[in-house]
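Read top to bottom, the protein sequences are chains A and B. Note that numbering that gives the first Met the number 0 has the first sequence beginning at 0, numbered continuously upward. Note that numbering that gives the first Met the number 0 has the second sequence beginning at 0, numbered continuously upward.
Hints are computed from structural coordinates only; laboratory data are not their basis. No experiment lies behind these values; they were computed from the predicted model shown. Among the hints, a few may not be true.
Stated by the list, open to error - Simulated restraints, written as ranges between beta carbons of each label pair:
1) A:Phe365 to B:Leu216: 30 to 36 Å
2) A:Lys17 to B:Gly111: 29 to 35 Å
3) A:Phe10 to B:Asp199: 55 to 61 Å
4) A:Lys17 to B:Gly13: 40 to 46 Å
5) B:Gly13 to A:Ile277: 30 to 36 Å
6) A:Glu289 to B:Thr9: 27 to 33 Å
7) B:Asp132 to A:Leu329: 44 to 50 Å
8) B:Lys213 to A:Glu289: 22 to 28 Å
Claimed, not checked - With a straight-line cut-off of 20 Å between C-alpha atoms, the simulated EDC-like cross-links for lysine to aspartate or glutamate are:
9) A:Lys376 to A:Glu289
10) A:Lys81 to A:Asp239
11) A:Lys378 to B:Asp54
12) B:Lys96 to B:Glu73
13) A:Lys169 to A:Asp157
14) B:Lys115 to B:Asp172
15) B:Lys78 to A:Asp381
16) B:Lys74 to A:Asp239
17) A:Lys7 to B:Glu116
18) A:Lys376 to A:Glu386
19) B:Lys90 to B:Asp172
20) A:Lys99 to A:Asp50
21) B:Lys90 to B:Asp199
22) B:Lys90 to A:Asp381
23) B:Lys96 to A:Glu289
24) A:Lys373 to B:Glu73
25) A:Lys3 to B:Glu116
26) B:Lys90 to B:Asp11
27) A:Lys155 to A:Asp189
28) B:Lys90 to A:Glu238
29) A:Lys373 to B:Asp54
30) A:Lys169 to A:Glu228
31) A:Lys378 to B:Asp11
32) A:Lys378 to B:Glu73
33) A:Lys376 to B:Asp172
34) B:Lys90 to A:Glu386
35) A:Lys68 to A:Glu289
36) A:Lys155 to A:Asp178
37) B:Lys174 to B:Glu140
38) A:Lys155 to A:Asp233
39) A:Lys69 to A:Asp189
40) A:Lys69 to A:Glu238
Ideal Cβ placement from N, Cα and C applies to all residues, glycine included.
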Amino acid sequence: MNIKSVTKMAFQSIISNKMRTFLTMLGIIIGVFAVIVLISLGQGATAGVTDSISSMGSNIISVNVFDRKKSIDFNDVYEFEKLEGVKNVTPVYTSNVTIKYELETTDVSVTGGNENYLSINNYEIGSGRAISPVDVDYRNKIAVIGLTTAENLFGKDDPIDKEISIGGEKYTVVGVLQDKGSTITGDSNDTVVVPVTTIMRQSGTSAVNSITVQANSAEESVTAKENVENYLLDYFQDEDSYRVFSQDEMLNVLNQTTSMLTAMLGGIAGISLLVGGIGIMNIMLVTVTERTREIGIRKAIGAGRANILIQFLIESSVMSGVGGIIGAVLGVVASNVISNMMGITYKINLPVIIGAFGFSLAVGVFFGLYPANKASKLKPVDALRYE
Amino acid sequence: MIYLKDITKTYDMGSVQVQVLRGITLHVAEGEFLSIIGPSGSGKSTLMNMVGCLDVPTTGEYYLDGKEISTYNEKQLSKIRNQKIGFIFQKFNLLPKLSALENVELPLIYRGMSSKERKQRSIEALEKVGLTDRMSHNPTELSGGQQQRVAIARALAGDPPVLLADEPTGNLDSKSGSDVMNLIRQLSEEGKTIVLITHDTDVAKEAKRTITIKDGLLLDNIIN
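Full structure from sequences and hints, please.
Have a look at this one:
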């Protein structure tokens with residue numbers, strides 16, 4: 000017996016019942032499709048998050064303060080600058096306010112920082128000037144705005160030296176930031192930066208929300224972080240009052256979260272593949288019963304158990320294999336289309352495609368085994384008598 | 000060629016045991032044309048299944064071509080069916096989704112023959128039954144007589160020494176029936192050992208020797 004003729008036979012019987020074959024394959028097609036799309040997009044999202052965080056620089060440490068009794072004031076922030084390994088520090092105070100220019104309004108989160116804020120966060124000035132130490136010292140009502148904010152408020156006009164209203168108070172726009180692109184966390188160009196002292200007084204508070212510390216280098220960020228933590232523990236006497244996050248840690252946490260999410264989505268899609276396999280088994284069992292007479296005839300003219308077993312196994316594997324290929328092709332196409340439409344990156348991962356296809360094939364063989372075995376065990380005399 | 004010694008076959012129908020064959024001893028010489036006649040329920044189809052290795056006897060010995068095959072396993076029996084025996088069934092038993100040629104090729108596929116040789120031998124077999132012009136037709140596109148001739152070609156393709164025909168004319172009109180019988184007679188003259196099972200005395204008379212089976216026992220032995 001040769002495999003070629005048996006494969007041909009399997010194909011003939013698959014083709015002879017197109018609708019049923021298609022419906023059976025559909026389970027596998029959807030399964031493989033879902034696995035590839037979900038994992039590709041999931042990994043794409045992970046890569047996007049990683050990129051956007053890396054672009055912020057890996058020597059950044061952020062400190063968030065939660066304590067209600069004790070707070071960190073503007074002047075306390077400069078104590079951090081004295082710590083070993085620390086290069087620059089900026090207090091950060093964020094508030095969501097409405098910004099107006101003539102009749103245009105926009106809702107933007109306004110960030111207060113000192114003269115170091117822009118450089119620490121990798122912002123570059125496109126036109127005009129940055130925030131200077133003098134602005135911070137004298138609580139000058141000036142603002143540096145991002146490209147998107149500038150477009151929203153001023154259209155094509157030059158925003159420099161125009162007066163805008165931030166939460167009801169008048170500020171002068173002194174600078175526009177360069178294009179920083181958008182990341183998974185949102186449009187980096189939709190931002191307004193003002194001197195931290197100005198916005199804190201406007202909000203009537205002396206406490207900052209958070210502090211961003213820039214270490215001398217990525218290598219020294221570990222030391223810097225330790226020093227910052229020690230200082231904070233000393234200051235608050237309570238570990239729950241603050242949270243220190245280095246960029247690296249954030250990256251790890253996010254990576255873990257997204258890869259867990261990807262694995263979970265892939266797993267759910269994998270279950271649908273398994274269900275597809277059960278569909279194949281179901282149909283193969285029906286087929287065996289339907290074709291009892293055919294099996295009898297084949298056995299009468301000399302087909303052995305192995306011949307029948309292989310014929311039915313090949314039928315189920317061909318169904319799952321072809322379904323797997325169709326699913327993989329559709330999955331790659333859909334990943335492309337979805338990522339283009341939603342503007343997110345995606346990663347076509349060859350191991351995932353091969354894995355999904357291989358799994359579908361294995362599912363076909365596994366779930367084909369029982370029906371094929373059942374067919375091969377039929378006694379020729381009983382099978383021939385079957386109507 | 001075929002030697003059955005004291006063959007019995009008992010079917011276990013739950014509480015009742017039905018003995019279909021009750022000690023059959025039969026000898027068929029090489030090149031002989033034998034017909035077995037009997038009413039329905041006499042056990043003739045069961046006997047035919049035994050001879051064709053489709054079923055195994057409960058007790059008794061079966062020698063085919065000098066070899067004791069009642070002890071053979073399933074794999075060995077399928078090889079015997081493939082190489083030593085050609086079946087001609089009452090209901091033709093062609094695979095409906097294959098063409099006439101593909102049906103004839105089937106036993107040769109299981110023999111592991113190359114596709115070129117397979118095709119050549121199948122065409123020769125179809126030539127012998129006069130159906131070369133219907134090779135690519137499916138069984139449903141053929142008349143009963145033509146289908147039976149395809150089935151005969153299938154039985155012949157592997158060139159087995161023994162042909163078993165179970166009511167080969169049972170589903171045919173008298174014209175195609177006599178065509179098929181002529182073909183079988185011709186094959187007998189060419190030296191095939193033929194066992195024909197029928198309940199039709201006219202058909203049975205075509206054979207050189209007729210034996211009657213009744214209630215699982217062989218009765219008369221008539222030389223025609």
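Evaluation of the provided hints:
Checking the proposed 30 to 36 Å range against phenylalanine 365 (chain A) and leucine 216 (chain B) shows it is violated: the Cβ atoms sit about 51 Å from each other. Judged by the Cβ atoms, the range 29 to 35 Å given for lysine 17 (chain A) and glycine 111 (chain B) holds: they are separated by roughly 30 Å. Look at phenylalanine 10 (chain A) against aspartate 199 (chain B): about 42 Å separates their beta carbons, and that is not inside 55 to 61 Å. Here the CB-CB span from lysine 17 (chain A) to glycine 13 (chain B) is close to 42 Å, well matched to the stated 40 to 46 Å.
For the pair glycine 13 (chain B) and isoleucine 277 (chain A), the supplied restraint of 30 to 36 Å holds, since their beta-carbon distance comes to about 34 Å. Taken as a hint, the range 27 to 33 Å holds for the pair glutamate 289 (chain A) and threonine 9 (chain B), whose Cβ atoms sit roughly 31 Å apart. At about 46 Å, the beta-carbon gap between aspartate 132 (chain B) and leucine 329 (chain A) stays in the expected band of 44 to 50 Å. At about 37 Å, the beta-carbon gap between lysine 213 (chain B) and glutamate 289 (chain A) misses the expected band of 22 to 28 Å.
For a cut-off of 20 Å, the pair hint linking lysine 376 (chain A) to glutamate 289 (chain A) stands: about 15 Å separates their Cα positions. With a C-alpha separation of about 24 Å, the suggested pairing of lysine 81 (chain A) with aspartate 239 (chain A) is violated against the 20 Å cut-off. With a C-alpha separation of about 8 Å, the suggested pairing of lysine 378 (chain A) with aspartate 54 (chain B) holds against the 20 Å cut-off. At roughly 27 Å between alpha-carbon atoms, lysine 96 (chain B) and glutamate 73 (chain B) are farther apart than 20 Å, so this suggested pair is violated.
In summary, the hint linking lysine 169 (chain A) to aspartate 157 (chain A) is supported, as the alpha carbons are separated by about 18 Å, within the 20 Å threshold. For the hint pairing lysine 115 (chain B) with aspartate 172 (chain B), the CA-to-CA distance comes to about 36 Å; that exceeds 20 Å, so the pair is violated. Restraint check for lysine 78 (chain B) and aspartate 381 (chain A): the C-alpha separation of about 19 Å stays at or below 20 Å, so the hint holds. The straight-line distance between the Cα atoms of lysine 74 (chain B) and aspartate 239 (chain A) is roughly 76 Å, outside the 20 Å bound, and the hint therefore fails.
About 17 Å separates the Cα atoms of lysine 7 (chain A) and glutamate 116 (chain B), which keeps this hinted pair within 20 Å; it holds. Distance restraint check for lysine 376 (chain A) and glutamate 386 (chain A): the Cα-Cα separation of roughly 18 Å lies within the 20 Å cut-off, and the hinted pair is therefore satisfied. The straight-line distance between the Cα atoms of lysine 90 (chain B) and aspartate 172 (chain B) is roughly 13 Å, inside the 20 Å bound, and the hint therefore holds. At roughly 33 Å between alpha-carbon atoms, lysine 99 (chain A) and aspartate 50 (chain A) are farther apart than 20 Å, so this suggested pair is violated.
Between the alpha carbons of lysine 90 (chain B) and aspartate 199 (chain B) the distance comes to roughly 16 Å, so the proposed pair stays at or under 20 Å and holds. At roughly 15 Å between alpha-carbon atoms, lysine 90 (chain B) and aspartate 381 (chain A) fall within 20 Å of each other, so this suggested pair holds. For the hint linking lysine 96 (chain B) to glutamate 289 (chain A), the alpha-carbon distance of about 14 Å falls within 20 Å, and the restraint holds. Restraint check for lysine 373 (chain A) and glutamate 73 (chain B): the C-alpha separation of about 15 Å stays at or below 20 Å, so the hint holds.
With a C-alpha separation of about 15 Å, the suggested pairing of lysine 3 (chain A) with glutamate 116 (chain B) holds against the 20 Å cut-off. Our distance criterion of 20 Å between C-alpha atoms is broken by lysine 90 (chain B) and aspartate 11 (chain B), whose separation comes to about 27 Å. For the hint linking lysine 155 (chain A) to aspartate 189 (chain A), the alpha-carbon distance of about 16 Å falls within 20 Å, and the restraint holds. Of the supplied pair hints, the one linking lysine 90 (chain B) and glutamate 238 (chain A) is violated, its CA atoms being roughly 89 Å apart against a limit of 20 Å.
Between lysine 373 (chain A) and aspartate 54 (chain B) the CA atoms are separated by roughly 18 Å; this keeps the pair inside 20 Å, and the hint holds. For a cut-off of 20 Å, the pair hint linking lysine 169 (chain A) to glutamate 228 (chain A) is broken: about 38 Å separates their Cα positions. Our distance criterion of 20 Å between C-alpha atoms is met by lysine 378 (chain A) and aspartate 11 (chain B), whose separation comes to about 15 Å. For the suggested pair lysine 378 (chain A) and glutamate 73 (chain B), the alpha carbons sit about 9 Å apart, so the restraint of at most 20 Å is met.
Proposed proximity of lysine 376 (chain A) and aspartate 172 (chain B) is contradicted: the alpha carbons are some 36 Å apart, above 20 Å. For the suggested pair lysine 90 (chain B) and glutamate 386 (chain A), the alpha carbons sit about 11 Å apart, so the restraint of at most 20 Å is met. For the hint pairing lysine 68 (chain A) with glutamate 289 (chain A), the CA-to-CA distance comes to about 79 Å; that exceeds 20 Å, so the pair is violated. For the proposed pair lysine 155 (chain A) and aspartate 178 (chain A), the alpha carbon gap of about 15 Å is at most 20 Å, so the pair holds.
A hinted pair counts as satisfied when its Cα atoms are at most 20 Å apart, and lysine 174 (chain B) with glutamate 140 (chain B) qualifies at roughly 19 Å. Simply put, lysine 155 (chain A) and aspartate 233 (chain A) have alpha-carbon atoms about 51 Å apart, too far for the 20 Å limit, and the pair is violated. Only pairs whose Cα atoms come within 20 Å are accepted, and lysine 69 (chain A) paired with aspartate 189 (chain A) is rejected, the gap being roughly 32 Å. The straight-line distance between the Cα atoms of lysine 69 (chain A) and glutamate 238 (chain A) is roughly 13 Å, inside the 20 Å bound, and the hint therefore holds.
Consistency with the previously given hints fails for numbers 1, 3, 8, 10, 12, 14, 16, 20, 26, 28, 30, 33, 35, 38, 39, ordered from lowest to highest.
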